[in-house]
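As a plain string of letters, each chain reads:
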Amino acid sequence: MTPTTAHLLYLIFALGGVGIYLLLPKAGRSQALAGAVIGVISVAGLLTVLAARVILPDATTVYFYLFATIAVLAAARVITHPKPVYCALYFVLVVIAVAALLVLQRAEFLAVALVMIYAGAILVTYLFVIMLAYQGGSPVYDRRSREPLLAVLAGFVLMAAVAGRAEDLPQPASPPTVAVPTADAQDAASQLHDSNTGAIGAAVMTKYVVALEIAGVLLLVAMVGAIAMSRKKVPVERFAAPVRPIGQVGREVEPY
Amino acid sequence: MVEFLTSQLGVSIILALVVIGVMLGSVAYCIFFERKIAGWVQDRFGPNRVGYRGILQSIADGGKLLLKEDVIPGHVDTPLFILAPAIIFLVAFVGFAAIPWGGQLQLGENLVDIQVAKPDIGLLYILGVASIGVYGVVLGGWSSNNKYSFYGGIRAAAQMLSYEIPLGLCILVVVLTMGTLRLESITLQQTEYWGGILPMWNVILHPLAFLVFLITALAESNRMPFDLPEAEQELVGGYHTEYSGLKFGMFLLAEYAHMITASGFIAVLFLGGWHFPWIAWTQPEATAWYAVIAKMLVLAGKITFFIFLMMWLRWTLPRLRFDQLLRLAWKGLIPITLGLFTLAVILVYVGRQQSLPWALLGNAVVLAIVLAAAGLSQVEVTGRQANLPSIRPGPVSTGTART
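Chains as they are written, first to last, in the numbering used here: chain A, 9 to 264; chain B, 1325 to 1727.
Calculated from the structure, these hints are not laboratory results.
Since the model is a prediction, treat every value here as computed from it, not as a measurement.
Do not rely on the hints blindly, as some may be mistaken.
So the derived list for chain B, only partly shown, Cβ under 10 Å to chain A, looks like this [claimed, not checked]:
1. F1405
2. V1458
3. G1477
4. Y1614
5. A1618
Below 30 Å or equal to it, Euclidean Cα-Cα: the simulated DSS-like pairs (lysine-lysine) are [unchecked claim]:
6. K1360/B with K215/A
7. K1471/B with K1388/B
8. K1360/B with K1388/B
9. K1392/B with K1471/B
10. K1471/B with K91/A
Glycine included, C-beta positions come from ideal geometry on N, C-alpha and C.
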């Protein structure tokens, strides 16, 4: 039986899992070097399998491999770096690399929205909190991963579930028959490229308008909740009205 | 070769190189003008020793920064300490790519755009790049491992996150009016006229949004009166206290590059970019080389005006206190821009050609509501609570000499 792509991917993911496990910060002697070597081998293997069996390389897929490699390596550093600030910064790098992948897919709006919202707002807030929390170096319980083995196993299962659906491309014995797009299709494609944002807007406001409204309500609820949680508790007496006899209201005393 | 140079790609590459070169030069001279304007405001000469009337001062300053020792203190987080000025410098210059400098140029049979890149999301591109810029300041403050620097970084993060919201809402007002995110077509739509006379510049349609945008752009580029992150009286220079030599120079240059980007952005969004009304050379139909140069000069003039305005403000206004700064954003600018946003939605139904009287009426209504709310509120402008004794200065007594 020749190994299918899925089998190869299982093997690579298992290797990567070992690498990540060794890289995760733990007590005792650091095994990071061995972990890094194994991890790099597994990433190289992944790229080889992808290039040879799943995604045929051409001129533009070079960029796919470039940004995908950056994203994967930076993502590994997000969970393995011992300093929380660096973890957040590697997360920023992952976001930017994924935004580049989205640009390759001609989803420019999504790419910029990802950078603006994740890198520009959410991760700055993360960084803000981390910097405030770790003024004098991070405590020991934040420099060690808690359940490295279980985490790696769970990650392996998730990745393997994806890999199980990987299918081999038919090996090109003859030159691959790429359907030449008709003039109409080319027009449609270039139009989509030109008014990417408009197409997304139209879809959101027509097909997915219910989801949009629900998201809006959810955000409102979250905002109200945040305000409710951040309010200080003020003793009631400070706001209590001065005691006054009922009969006097409207005569000597101003009504409420 | 000639074919490549007259194609859009060739023109874009040449333009990118020219823009970077010109920007580095003009950023250096911004510092000179800043000092000259400071001298003008404070009734003194300003730099006048190096060259004719001090015109070589920038070159001398640059040489000084280059030759100074570049100290990396022992207590800093070295990788991030080096990364921070690089990020802030990169981000300040990448934003220029999407600004339409001069309409279209007829080169042989090609009609090329004088713009480095024209993505579908030009406006969002500049916003996205600018939103990365906060990392430079925050990391510079944190990696310095210095309390004052750290306060500067924290302030910068809070300030830039807060002011991004009214900034984004102002941009949404423009986007709703124009119906596009492309900067070149935003410029193009502003070259039309009302009644054949009045140019359709957004500043006429949305004067309040223009003002709010100006304020938030000042805050986003950390300029006075919003330069809390580097308030030297409190924080000894804030996030760049520990920097010296060329790294400090990069922070300085990036600040001025930010000013140029912000000014260019204001000019394109609200003042018609390269368009100047009633002059044939700056209309979109003119595509000869002299017309392109005229358009570039018009845009450069608008940018220069806004840079001058920012410098003038810097030497005129005192700095805000930090709680006042945040209150201005959250309780002042965001409600106003939400009102303006609602107005813009209504104007979309009216249509741009007919909307001038409605827009002015709506702006007047928003202004009246703002003034009424400010007048009726019991909170003092300084932010002191109503139940505390006032800190307003009493009447000044003069003429009584101490005996």
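Inset, instruction - Go through the hint on V1458/B and say holds or violated, using the shortest Cβ distance to chain A against 10 Å. - result: holds, 6 Å
Legend entry - Satisfaction of hint between K91/A and K1471/B, Cα-Cα up to 30 Å: holds, 19 Å
Legend entry - Distance restraint between K1360/B and K215/A, which requires alpha-carbon spacing of 30 Å or less: violated, 58 Å
Inset, instruction - Have a go at the F1405/B hint: is there a Cβ in chain A nearer than 10 Å to its own Cβ? - result: At about 12 Å, which exceeds the 10 Å cut-off, the nearest Cβ of chain A leaves the hint on F1405/B violated.
Inset, instruction - Verify the proposed pairing of K1392/B with K1471/B, using a straight-line Cα cut of 30 Å. - result: With Cα atoms ~25 Å apart, K1392/B and K1471/B stay inside 30 Å; holds.
Legend entry - Hint check, A1618/B versus chain A [nearest Cβ-Cβ separation less than 10 Å]: violated, 29 Å
Legend entry - Interface restraint verdict for Y1614/B against chain A (beta-carbon cut-off 10 Å): Y1614/B check fails; min Cβ-Cβ to chain A is 30 Å, beyond 10 Å.
Inset, instruction - With a cut-off of 10 Å on the beta carbons, see whether G1477/B makes it to chain A. - result: holds, 7 Å
Inset, instruction - Take the C-alpha atoms of K1360/B and K1388/B, compute the straight-line distance between them, and say whether it is at most 30 Å. - result: It holds: about 19 Å lies between the C-alpha atoms, which stays within 30 Å.
Inset, instruction - Starting from K1471/B, check that the Cα of K1388/B is at most 30 Å away, please. - result: holds, 28 Å
Hint compliance for this structure: hints 1, 4, 5, 6 are broken, all remaining hints hold.
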